[in-house]
Amino acid sequence: METTMSHIALLASPGMGHLIPVLELAKHLVSHQSFKVTVFVVATDHASLANTHLLESPADSGDLLDIVLLPFIDVSDIVMLCTPEIDRKEIDEHVKNRKPLHIPGCKPIKFEHNLEVFFMDANDPFYQGYVEAINKMSLTDGILVNTWDELEPTTLKALRETKKVPIYPIGPLVRPIEKSAFGNEIIAWLDKQPKQSVIYVSFGSGGTLSAQQVKELAWGLELSQQKFVWVLRPPIENDAAGTFLALGNGSDATLNYLPDGFLVRTQDRGLLVPMWAPQVEVLSHPSIGGFLTHCGWNSTMESIVNGVPMIAWPLYAEQKMNASMLTEDIGASIRVMAVESDAAVGREEIRSVVRKILVDRQGRNIRSRIKELKDSAENALAKGGSSYNSMSQVANICIQHLKTKASGA
285 METTMSHIAL LASPGMGHLI PVLELAKHLV SHQSFKVTVF VVATDHASLA NTHLLESPAD
345 SGDLLDIVLL PFIDVSDIVM LCTPEIDRKE IDEHVKNRKP LHIPGCKPIK FEHNLEVFFM
405 DANDPFYQGY VEAINKMSLT DGILVNTWDE LEPTTLKALR ETKKVPIYPI GPLVRPIEKS
465 AFGNEIIAWL DKQPKQSVIY VSFGSGGTLS AQQVKELAWG LELSQQKFVW VLRPPIENDA
525 AGTFLALGNG SDATLNYLPD GFLVRTQDRG LLVPMWAPQV EVLSHPSIGG FLTHCGWNST
585 MESIVNGVPM IAWPLYAEQK MNASMLTEDI GASIRVMAVE SDAAVGREEI RSVVRKILVD
645 RQGRNIRSRI KELKDSAENA LAKGGSSYNS MSQVANICIQ HLKTKASGA
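Heads up: the sequence shown at position 103 corresponds to 387 in my numbering, and the numbers run straight through without jumps.
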């Protein structure tokens, strides 16, 4: 009797941080669960996206993985599951008096570390649309989360206790190392450096800094006297997410926004990379000893999986909350602090945190903790691990649903 293969459709919303884990989920469903999968990709720039090779189906997937590009749509008014559970009065207190906000399963969130959406008036159409979208999430058959039980036990327990919708932690889902990247000039430079001696600096596919902040970061790296790889983008004023939906690989060759003489003074211990670097391959390199990151969840997962301690420098969206969790809850990072909330992070602060994470005794606990988390991630994905079991559960539910539908029951 001929059997019909189960076919799953996945939708990846705009942004590399959304696309990469969806593609990894698709590959897993094909290779480990024997599904046929079609991934629909919403993107702003199909040409530059294709140049990243992310949209190429793996050679071992045969015709079981299809990727379809869709026209861009605006999803900026979609976002979190627990917001309807939070008393609006508490949100108002949080905004007016800057009291910490209590979210189920999380440590109280400081005012300066929260999402901008909480600062909106309850009658604001954006806020109302935000809450409506969250309520719709509770009508789904389940939510897949790119984390694992051992990393966020309290938060996942709180989500499950809402009993609104089943929660399936299936992470960490990260892009595997590509052998082709080992011919890259960045990797070649890293090959010449001592073990765990280099700080990797990148603010993700969308993060940007002001001109003043770029100069302070340059000075901080120079003053630290440590080796660095810095993925550098031209500064953009007053828009930390300035390149979130711009996936091009262009560069500004003038570099006139750097301090005078910076390139000459740091040429023996620093490497500037315009716009983009093969991040997974960089983080997996033995010479990398720390990651100065914007705390996007994709970058966070990649850093933990490769056992690299982090310096948390959040820019926008949920990154401030991620930074709080990484620093205060799980001990995987230290956090940069500006003298004033709206001011640039100063060069002395940058010098200090880089040295802490790479060489000072203060960073020893973080370096030890990140190794524990790396092992935890490996165990979660291994056969019998929490995420492995969760993924198998999802696959079985899908198969049973399809069988029931096919039988007309």
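No lab work stands behind these hints: they were computed from the structure.
The reader is advised that the hints may include incorrect statements.
[What the hints assert, rightly or not] Taking lysine-lysine pairs in the DSBU-like style, the calculated list, with each CA pair at most 35 angstroms apart, reads: (1) Lys-441 with Lys-320; (2) Lys-640 with Lys-447; (3) Lys-441 with Lys-667.
Need the list of violated hint numbers for this structure, in ascending order.
2
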